[in-house]
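Asks: Protein sequence lines correspond, in order, to chains A and B.
Read left to right, the first sequence gives residues 0 to 109 (numbering that gives the first Met the number 0).
Read left to right, the second sequence gives residues 0 to 109 (numbering that gives the first Met the number 0).
Among the hints, erroneous ones may be present.
Any copy will do: because identical chains look the same in the list, a pair fits if it lies in one copy or spans two.
Said to hold, decoys possible - Below, simulated DSS-like cross-link-like pairs (lysine-lysine); rule was C-alpha separation at most 30 Å, straight line:
id, residue 1, residue 2
1, Lys66, Lys31
2, Lys90, Lys31
3, Lys38, Lys90
4, Lys38, Lys95
Hint data in this document are derived by calculation from the structure and do not stem from the laboratory.
Number of protein chains: 2
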Amino acid sequence: MIANTPNPPYYAVIFTNELTVHTEGYEAMAEKMCEMALKEPGCLGFESVRNGLGITISYWESLEAIKSWKANTEHLEAQQQGRDIWYKNYKTRICKVERDYGFERNDDQQ
Amino acid sequence: MIANTPNPPYYAVIFTNELTVHTEGYEAMAEKMCEMALKEPGCLGFESVRNGLGITISYWESLEAIKSWKANTEHLEAQQQGRDIWYKNYKTRICKVERDYGFERNDDQQ
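Isolated chain A, as found in the complex (with noise of 0.2 Å):
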């Protein structure tokens, strides 16, 4: 889904990546965190898509929100797990929506 996300400025936390062959824990552990980010102070929202490569992007009200998450206790454990074992490559850009706009069909066309 679509994350609903204010006017900008905002901030969004764009993370690339792919997994090794070993997913065991993965999904559930995905699911766990991007329920607990939700809860966080400052977090706007989540879009995330695999197949192959997974793109997961996080939206946030403020740098200091998405340092706080980063530094959180159980994510840094999760983070931690994903370099041991479930990630062969990421990366991590965190960016400043400037602008946004969008197109929602209004027909019947569906």
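Position chain B relative to chain A; hints supplied.
Replies: The following block gives chain B in isolation, referenced to the frame of chain A:
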């Protein structure tokens, strides 16, 4: 594949979308647009995944390069076809990448 972007700052266009059931011609057009964009001055790379929800992120040297690609004649026609036929909804977010970091596994555990 994770895009091989230079050191920040650079720009990202996050394009999150859902398709209608009328997907004929979509994949070919999406690939053509990606190939064309990669030839544009200032385009740094793409990351794209679909699994129901589609996320395509393109990376750019400058806002001017993004604006120029958005106004490309063939791209404008593709955008119109997208709104007429293919997209149920989409959101485009123009972002400045302020910081990035990555991880690459260097043991034999793939």
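Asks: Now look at each hint and say whether the structure bears it out.
Replies: Against the structure, the hints:
1. Lys66 <-> Lys31: within (19 Å within a copy, 38 Å between copies)
2. Lys90 <-> Lys31: Both. Shortest intra-copy (21 Å) and inter-copy (26 Å) distances satisfy the 30 Å Cα cut-off.
3. Lys38 <-> Lys90: both (24 Å within a copy, 24 Å between copies)
4. Lys38 <-> Lys95: Both: 21 Å inside a copy, 26 Å across copies.
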